[in-house]
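With the sequences and hints as input, model every part of the structure.
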Amino acid sequence: MDPVAAKYIGAGLACLGMAGASIGLGNLFGQFYSGALRNPSAADSQRTNLLLGFALTEALGIFSLLVALLLLFAV
Amino acid sequence: MAVSIDPIHQFELQPLVSLGHIGNQQLAFTQSALYMFAAVGIIALLTIVATSGRAVVPGRLQALAETLYEFIADTVHQATGADGKRFLPLVFSLFMFVLILNLLGMIPYAFAVTSHLIVTFGLALVVILTVVIYGVAKHGTHFLGVFVPSGVPKPLLLIMVPIEIVSFLSRPISLSVRLFANILAGHIALKIFAFFVVQLLVAGAWGVLSPLPLALTIALTALEFLVAALQAYVFATLTAVYLADALHPGH
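These protein sequence lines are chains A and B, in that order. All the letters of the first sequence, read from the start, carry residue numbers 1 to 75 under UniProt numbering. All the letters of the second sequence, read from the start, carry residue numbers 1 to 251 under UniProt numbering.
No wet-lab data here; the hints were simulated from the structure. The hints are all genuine.
Between beta-carbon pairs, the in silico distance windows are:
#, chain 1, residue 1, chain 2, residue 2, range
1, A, G20, B, L61, 37 to 47 Å
2, A, L52, B, L169, 15 to 25 Å
3, A, G12, B, A137, 41 to 51 Å
4, B, G81, A, D44, 18 to 28 Å
5, A, Y33, B, H21, 55 to 65 Å
6, A, M1, B, L64, 49 to 59 Å
7, B, F168, A, G12, 31 to 41 Å
8, A, G20, B, F168, 19 to 29 Å
9, B, H21, A, D44, 51 to 61 Å
10, A, R47, B, D6, 31 to 41 Å
11, A, G35, B, G81, 19 to 29 Å
12, B, D74, A, M1, 53 to 63 Å
All residues carry an ideal CB built from backbone N, CA and C; glycine is no exception.
Quick look at the structure:
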C-alpha cells in the first residue's frame, strides 16, 4: 500500500478511539446528574470528583487524538 | 490558496545560550529551561511575597496563596491520611510547577514546557522513585504488599498479582503521558482551528464562514484553560494516591 495513504487511514482509524472516550464521558455526566438530581444537597461536595473523572476520561480520548496527530504530522 | 501549516513547529526547542557539545549533541540553555526558571521565580515570588505580611484578615494575594495551599493540603490529607503530611511540600511544589507551566503555555506565542514528554516523565519519575525508595526504606519487604490486594481469595491472587505489578509499572508512563498528551493535543488543536480561519479568509467567498472556526478557537481556548488547571490538579491528586501506597502498602 502507498505509505502516505496508509498514514491517513491509520490517522482515521486512531480517531475511532474517541468513541470510547465519548461513551465514558456520557456515562460519567449522566450518572452524576442522575445522582445529583436525586440528592442535590450532596452534589456540590462531589463536583471536584466529577472534574477529576472528567480529566481522567478525557485524557484517554486525547491519547487517540495524539496518535492521529502524530501520524499526520510527525511520522 | 496554499497556505502551509505546521502545528508542530511551536514545540521546537530554541537554544538561547550554547554550552558546548557532547559528541554530536548540542548542549544548550533553551527557552524551555528559561520558562522553567520563570515558573520557579513566579511561584517563589507568589508564595513568599503573599505570605510575608501574615495579616489576620488576608488581602487578595495572601488569600490566593492560602487557598492554593489549603486546597492541596486537603487533597493530600484525603488521599494519604494524617501521616501523609510530610509529603505535602513535594505535592504542593509539583502542583504549582505544573500549574504555572501550563498557564504560561496558554499565553499566545509562549512555549508550553509540559508539552515535552521528557519533562513530564522526569516529574513522574520523581514521584515513583519517592514512592519506591520511601516504601522500601519504611516497610522493607512488606512494601511488596502493594502488589497483593487484601480480601482476595488465594487462587485469584495468581491472576491479580501480575495485574497489580503491570498496573504499578505503568503508573509513571500513564502519569507523564496524560499530562504531556493533553497539553500537546490541546495546543495542536488550537493551532489547527486558528489556521482554518486564515484558510477560509483567503478562499474568496468562503471567507463569510470564517467567524465559525474563530468562535470554536475561542471556546477551545477556554477549554484549554480548564484543562491546564485540571491536569495540574490530576497530577497532584494521583501523586498523593501513589504516595498513600508507600505509606500503607497493604491495601
